[in-house]
Amino acid sequence: MAVIPLERKPLTFAERTYLPQIASGLWTTFKHIFQPQVTLSYPEQRPAIPPGYRGVPTLVRDPNGREKCVSCQLCEFVCPPKAIRITPGEIPADQADRAHVEKAPQAFDIDMLRCIYCGLCQEVCPEEAIFLQNQYSLSGYTREEMVNHKDKLYELGGTLPDQHYKWDQKKTAAEHGNTH
Amino acid sequence: MFDFFFQLHPVIQGLAKGLAVIMVIFPLAGACSLAERKVSAWMQGRPGPNRAIVPWIAWIPFLGVFLQKLGVFHLMSDGGKLLFKEEPVPGHVNKFYFILAPALAIMPAFTTVAVVPFGAYFDAAGAAIPLVLANVDIGLLAVFAVSSLGIYSLILAGWASNSKYPFLGSIRASAQLISYELAMTMSVIPVFLWINAPGQPGTMSLAKAVEFQSLPGFWGGSWFIVLMPISALIFLISLFAETNRHPFDMAESESDLVGGFHTEYGAFKWSLFFVAEYSHMIIGSGVFVLLFLGGWNPLPWVPLSTAAQLLGITGLPLVVGVLSIVIFLAKVVAMIFFFMWVRWTVPRFRYDQIMKLGWQKLLPLSIANLLFYAIAIAVIQK
Chain A
19 MAVIPLERKP LTFAERTYLP QIASGLWTTF KHIFQPQVTL SYPEQRPAIP PGYRGVPTLV
79 RDPNGREKCV SCQLCEFVCP PKAIRITPGE IPADQADRAH VEKAPQAFDI DMLRCIYCGL
139 CQEVCPEEAI FLQNQYSLSG YTREEMVNHK DKLYELGGTL PDQHYKWDQK KTAAEHGNTH
Chain G
57 MFDFFFQLHP VIQGLAKGLA VIMVIFPLAG ACSLAERKVS AWMQGRPGPN RAIVPWIAWI
117 PFLGVFLQKL GVFHLMSDGG KLLFKEEPVP GHVNKFYFIL APALAIMPAF TTVAVVPFGA
177 YFDAAGAAIP LVLANVDIGL LAVFAVSSLG IYSLILAGWA SNSKYPFLGS IRASAQLISY
237 ELAMTMSVIP VFLWINAPGQ PGTMSLAKAV EFQSLPGFWG GSWFIVLMPI SALIFLISLF
297 AETNRHPFDM AESESDLVGG FHTEYGAFKW SLFFVAEYSH MIIGSGVFVL LFLGGWNPLP
357 WVPLSTAAQL LGITGLPLVV GVLSIVIFLA KVVAMIFFFM WVRWTVPRFR YDQIMKLGWQ
417 KLLPLSIANL LFYAIAIAVI QK
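Residue numbers (the numbering used here), protein chains in the order written: chain A, 19 to 198; chain G, 57 to 438.
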């Protein structure tokens, strides 16, 4: 490979005084005064949340209003900062419409002081029950306030569309003798 | 109308005038801090401080919102915060000098105001009477002598803080001040060589410098920045260095010295340093305007007397006086804006570059400049 000696021109007198450069710099900064401002006045103006944003983890219901979590505890095990704590429970006997679902969480706590918003819980969930949604502004006055309990998680999560209705399909299959 | 004032004892008159000027300078220095925040914001594409508002002003339509967006009430909230917050004195400092330093910083800054004229009016004979607290012949010498005392406060603050960053900051500040003082003084000598023509009583008065920029004719009416551009340039650069402004703010360069000499200070003591720095800027800008930018003359070749004739207010000394003060303050404010403008344009120098610029470039240049003008003035004035 050929070496190309690059001739470095000596600075002219004007360049050595810096003054023309400073003058052009002053002109640049002066122009900036009249350019539109880029600031977002936060509490009044909210940023547009891009799709795929990883906000606060939430629990969701399916369109039938059924809680999707079956307390398999995979998210609890995968959670790197151990922010999730699940107490598994049985489906109450008096709720016949949910009897075909395996289990449900008795308590589901996510400690938002520990959560690192990595999204592994969402990735690992076999029931598509936990999602990191658009919520990005979370604050509280005490440590207890920063722990999202089950009802809060469902309130934040709301209902998301479901493509599978897994447990309904299992129920139908069982009624037909699990033929396939 | 103001006879009763002139019948008062001269000492009381002086006190009243001094208080009046301090009452202007102190809020002006505070306003500069707000202007600094606003100008910085605009140059960086931000709106800057625009939230604080007093409720009963918020009720005024349009004006209230405009003032809020301009952030003028942040001045009050800033001042209130600095005044009422806790005054921490670290345990490891020399308490006496630690508390003395901010007071010492503010004193020279306000003392120099006394000899800086800020306007003029014409008496019945048509002679210009400068508006100044003390119209003394040593004018500029007094400014240089007293404002240099401000460095003692920085040294005291740095030493009394008993901590390495303040100490380094104060050492840098003092070395820088000494280096640029020479070039600064040399650069203004041509102005006073020109003013002190042979056969006239010698003077260093700043009002006299303005008088020489208000003479009739092409050379008489031109400001000294036109006649002596090199002097003006050296004086301006030295002014930036003397007031510890960017790109010469080695005394408090945040990136390498935390906060420089005022690292250990907080609350009102810190704000005194702040006000002193801005007062130095205002006085320095004022001196530059007086020496090189025609003082209270509205335009080059249009002295105040001509402007007063054009407006038909020659017979009203009060109106002419106010007009001259407004013109002078407008120029000073423009200079302050220039200070802030340069801050966001020129990056901070390295310390060795500052020393090199001061001793190897500006000092020889100012001496050469002085020699050139000394010979030229000797030839012209014979």
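It is worth saying that the hints were derived from the structure and are not from the lab. Please note that the accuracy of each hint is not assured.
[Unchecked claim] With a Cα cut of at most 20 angstroms, we get these calculated EDC-like pairs of lysine to aspartate or glutamate:
| id | chain 1 | residue 1 | chain 2 | residue 2 |
| --- | --- | --- | --- | --- |
| 1 | G | Lys125 | G | Asp179 |
| 2 | A | Lys184 | A | Glu162 |
| 3 | A | Lys100 | A | Asp127 |
| 4 | G | Lys125 | A | Glu62 |
| 5 | A | Lys49 | G | Glu92 |
| 6 | A | Lys184 | A | Glu146 |
| 7 | A | Lys188 | A | Glu145 |
| 8 | A | Lys121 | A | Asp80 |
| 9 | G | Lys417 | A | Asp80 |
| 10 | G | Lys412 | G | Glu237 |
| 11 | G | Lys412 | A | Glu146 |
| 12 | A | Lys100 | A | Glu163 |
[Said to hold, decoys possible] Label pairs and their calculated CB-CB ranges:
| id | chain 1 | residue 1 | chain 2 | residue 2 | range |
| --- | --- | --- | --- | --- | --- |
| 13 | G | Ile113 | A | Trp45 | 49 to 55 angstroms |
| 14 | A | Pro98 | G | Arg406 | 24 to 30 angstroms |
| 15 | A | Thr105 | G | Glu310 | 50 to 56 angstroms |
| 16 | A | Pro54 | G | Val67 | 55 to 61 angstroms |
| 17 | A | Ala32 | G | Tyr407 | 34 to 40 angstroms |
| 18 | A | Trp45 | G | Leu156 | 32 to 38 angstroms |
| 19 | G | Gly255 | A | Trp45 | 19 to 25 angstroms |
| 20 | A | Gln39 | G | Val192 | 37 to 43 angstroms |
| 21 | A | Gln63 | G | Val192 | 44 to 50 angstroms |
| 22 | G | Gly101 | A | Gln113 | 35 to 41 angstroms |
| 23 | G | Pro146 | A | Cys136 | 51 to 57 angstroms |
| 24 | G | Asn191 | A | Thr57 | 46 to 52 angstroms |
| 25 | A | Thr57 | G | Phe140 | 47 to 53 angstroms |
The structure displayed is predicted, hence computed values, not measured ones. Where a beta carbon is used, it is the ideal one built from N, C-alpha and C, also for glycine.
Taking the hints in turn, this is what the structure says about them:
1. For the proposed pair Lys125(G) and Asp179(G), the alpha carbon gap of about 44 angstroms is over 20 angstroms, so the pair is violated.
2. Our distance criterion of 20 angstroms between C-alpha atoms is broken by Lys184(A) and Glu162(A), whose separation comes to about 35 angstroms.
3. Of the pairs offered as hints, the one joining Lys100(A) and Asp127(A) holds, with about 11 angstroms between alpha carbons and a cut-off of 20 angstroms not exceeded.
4. For the hint pairing Lys125(G) with Glu62(A), the CA-to-CA distance comes to about 15 angstroms; that is within 20 angstroms, so the pair holds.
5. Between Lys49(A) and Glu92(G) the CA atoms are separated by roughly 17 angstroms; this keeps the pair inside 20 angstroms, and the hint holds.
6. Proximity of Lys184(A) to Glu146(A) is assessed by CA-CA distance (about 10 angstroms); at most 20 angstroms being required, the pair is judged to hold.
7. A distance of roughly 13 angstroms separates the Cα atoms of Lys188(A) and Glu145(A); the hinted pair therefore holds under the 20 angstroms criterion.
8. A hinted pair counts as satisfied when its Cα atoms are at most 20 angstroms apart, and Lys121(A) with Asp80(A) qualifies at roughly 15 angstroms.
9. Our distance criterion of 20 angstroms between C-alpha atoms is broken by Lys417(G) and Asp80(A), whose separation comes to about 77 angstroms.
10. A C-alpha spacing of about 14 angstroms is found between Lys412(G) and Glu237(G), which places the hinted pair at or below 20 angstroms, so the restraint holds.
11. For a cut-off of 20 angstroms, the pair hint linking Lys412(G) to Glu146(A) is broken: about 68 angstroms separates their Cα positions.
12. A threshold of 20 angstroms between alpha carbons decides the hint, and for Lys100(A) with Glu163(A) the separation of about 18 angstroms falls inside it, so the pair holds.
13. Here the CB-CB span from Ile113(G) to Trp45(A) is close to 37 angstroms, at odds with the stated 49 to 55 angstroms.
14. In this structure the supplied range 24 to 30 angstroms is violated for Pro98(A) paired with Arg406(G), their Cβ-Cβ distance being about 44 angstroms.
15. A beta carbon spacing of about 51 angstroms between Thr105(A) and Glu310(G) agrees with the range 50 to 56 angstroms that was offered as a hint.
16. The hint said 55 to 61 angstroms for the Cβ distance between Pro54(A) and Val67(G), and at roughly 56 angstroms that hint holds.
17. For the pair Ala32(A) and Tyr407(G), the beta carbons lie near 26 angstroms from each other, so the given range of 34 to 40 angstroms is not met.
18. Look at Trp45(A) against Leu156(G): about 44 angstroms separates their beta carbons, and that is not inside 32 to 38 angstroms.
19. Evaluation of the 19 to 25 angstroms hint for Gly255(G) and Trp45(A) yields a failure: the beta carbon distance comes to about 46 angstroms.
20. Checked against the hint of 37 to 43 angstroms, the pair Gln39(A) and Val192(G) passes, with Cβ atoms roughly 41 angstroms apart.
21. Hint check: Gln63(A) to Val192(G), Cβ distance near 57 angstroms, so the stated range 44 to 50 angstroms is violated.
22. Taking 35 to 41 angstroms as the suggested C-beta distance range, the pair Gly101(G) and Gln113(A) does not conform, at roughly 58 angstroms.
23. Roughly 42 angstroms separates the CB atoms of Pro146(G) and Cys136(A), a value that falls outside the hinted 51 to 57 angstroms.
24. The hint said 46 to 52 angstroms for the Cβ distance between Asn191(G) and Thr57(A), and at roughly 49 angstroms that hint holds.
25. The hint said 47 to 53 angstroms for the Cβ distance between Thr57(A) and Phe140(G), and at roughly 29 angstroms that hint is violated.
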